[in-house]
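K.L.:
Please model the entire structure based on the sequences and the hints provided.
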Amino acid sequence: MITFEGHSSLYRFHLDSEFAIRKRLVENDNAKGELSWADRRESINIAARYLVRDIFRRGLEKDKKFPSILTKGGQLYEASPLLLSFPESPNIPNGLFNKARSAAIEKGANLSHERVFGLSSLALDYWHSAFQNERVFNTGPYAVQAAAAAFPRVISLVDWRTGTVSIKALRALNDAINAMRSAKELLSMCGNFLALEEMDYLINEFDKSDNLPMLEMLENYDGCTVVAPTEWLSLLELSDKESAEASSASMLYDFSPKDAIIALLSKDPTLTKPRVKLKLFPEVSDRRFNMFWTQASESKPEIMKPGRRSTKS
Numbered sequence: 351m352i353t354f355e356g357h358s359s360l361y362r363f364h365l366d367s368e369f370a371i372r373k374r375l376v377e378n379d380n381a382k383g384e385l386s387w388a389d390r391r392e393s394i395n396i397a398a399r400y401l402v403r404d405i406f407r408r409g410l411e412k413d414k415k416f417p418s419i420l421t422k423g424g425q426l427y428e429a430s431p432l433l434l435s436f437p438e439s440p441n442i443p444n445g446l447f448n449k450a451r452s453a454a455i456e457k458g459a460n461l462s463h464e465r466v467f468g469l470s471s472l473a474l475d476y477w478h479s480a481f482q483n484e485r486v487f488n489t490g491p492y493a494v495q496a497a498a499a500a501f502p503r504v505i506s507l508v509d510w511r512t513g514t515v516s517i518k519a520l521r522a523l524n525d526a527i528n529a530m531r532s533a534k535e536l537l538s539m540c541g542n543f544l545a546l547e548e549m550d551y552l553i554n555e556f557d558k559s560d561n562l563p564m565l566e567m568l569e570n571y572d573g574c575t576v577v578a579p580t581e582w583l584s585l586l587e588l589s590d591k592e593s594a595e596a597s598s599a600s601m602l603y604d605f606s607p608k609d610a611i612i613a614l615l616s617k618d619p620t621l622t623k624p625r626v627k628l629k630l631f632p633e634v635s636d637r638r639f640n641m642f643w644t645q646a647s648e649s650k651p652e653i654m655k656p657g658r659r660s661t662k663s
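Just add 350 to wherever you are in the sequence shown, counting from 1, and you've got our numbering.
Hints were generated in silico from the structure; no laboratory data involved. Here a beta-carbon is modelled for each residue, glycine too, at the ideal position from N, C-alpha and C. Among the hints, erroneous ones may be present.
As the list claims (entries may be wrong) - Label pairs and their in silico Cβ distance ranges:
| id | residue 1 | residue 2 | range |
| --- | --- | --- | --- |
| 1 | K422 | H463 | 27 to 37 Å |
| 2 | L536 | S559 | 20 to 30 Å |
| 3 | L410 | S589 | 33 to 43 Å |
| 4 | A522 | L410 | 41 to 51 Å |
| 5 | C540 | A453 | 51 to 61 Å |
| 6 | G445 | D413 | 28 to 38 Å |
| 7 | A533 | E652 | 35 to 45 Å |
| 8 | F416 | N460 | 16 to 26 Å |
| 9 | P624 | N378 | 19 to 29 Å |
| 10 | G445 | S635 | 52 to 62 Å |
As the list claims (entries may be wrong) - Capping the alpha-carbon separation at 30 Å, the derived lysine-lysine pairs in BS3-like fashion look like this:
| id | residue 1 | residue 2 |
| --- | --- | --- |
| 11 | K373 | K415 |
| 12 | K373 | K457 |
| 13 | K415 | K518 |
| 14 | K518 | K373 |
P.N.:
Okay, structure coming up:
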């Protein structure tokens, strides 16, 4: 198991940020509303991502440091700011939230430094009603044209469910552009010049952007944990107890889920897959746990050796 002293994973930052948002809603007696807590989960999850980005922005201003990638060799690699460039689309606030935010700004709230949600918003209550009563964020497919021209505005380079680098979407975009290059000759033979013109535009936009250099740079870090100084978590103003309540698995605080699995199995190699889930992720769905397990096995293939699932603990 690889860790780095003084740093916590992106996964922990996101967990604590979600907890801080739920805490504010409960403190202000906003448990009521048209939506159940389960239905508010998506809004809280996405808002927490914006909150983490704002924490990292504050950390950069204070300490002149960026989040880092914890390499498989146990070294810290300073991440490009593009790594955590949060897509402007498809997560666009709408309805009650947007109106309430605009009203708060008109009344003097200084939110200009935030991308939709951040630490300043967390301290206010303008967003509470929206989170109670509507699906705050739109989610949907991204536009290839926008992604080809400026992927950081559309595609996320991290998997927020695991706190790791993920180039899956960027690789898919690259594959799509390459497919267009191959299709151009056939379309030319068919005389479909309008389609050719559109393809040429997308290919040129892709070639002018940082897409390919970023893909090549991150190729060796795909699946690696994103970390940041643990002290930045203090910006959420959670007590140690509250931070502990953010997850039932304390081992996840400093590790990503896949790393937590590897760490636990390093301590007790006899544990079966069901026992690992019970110890680390008792409330996580089987589908999501299987995703964590697959990532762990890709980093440490011996996890999937014959006998692992049937070994008695």
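K.L.:
So, for every hint listed, does it hold in this structure?
P.N.:
Evaluated hints:
1. A hinted range of 27 to 37 Å for the beta carbons of K422 and H463 is consistent with their spacing of about 35 Å.
2. Distance hint check for L536 and S559: the Cβ-Cβ separation is about 25 Å, which falls inside the suggested range of 20 to 30 Å.
3. Hint check: L410 to S589, Cβ distance near 25 Å, so the stated range 33 to 43 Å is violated.
4. The beta-carbon spacing between A522 and L410, approximately 30 Å, falls outside the hinted interval of 41 to 51 Å.
5. Look at C540 against A453: about 54 Å separates their beta carbons, and that is inside 51 to 61 Å.
6. Hint check: G445 to D413, Cβ distance near 37 Å, so the stated range 28 to 38 Å holds.
7. At about 42 Å, the beta-carbon gap between A533 and E652 stays in the expected band of 35 to 45 Å.
8. Taking 16 to 26 Å as the suggested C-beta distance range, the pair F416 and N460 conforms, at roughly 24 Å.
9. Under the hint 19 to 29 Å, the C-beta atoms of P624 and N378, about 40 Å apart, miss the expected range.
10. A hinted range of 52 to 62 Å for the beta carbons of G445 and S635 is inconsistent with their spacing of about 29 Å.
11. Of the pairs offered as hints, the one joining K373 and K415 holds, with about 28 Å between alpha carbons and a cut-off of 30 Å not exceeded.
12. Between K373 and K457 the CA atoms are separated by roughly 25 Å; this keeps the pair inside 30 Å, and the hint holds.
13. The straight-line distance between the Cα atoms of K415 and K518 is roughly 26 Å, inside the 30 Å bound, and the hint therefore holds.
14. Annotation: proposed proximity of K518 to K373 is violated, straight-line Cα distance about 33 Å (limit 30 Å).
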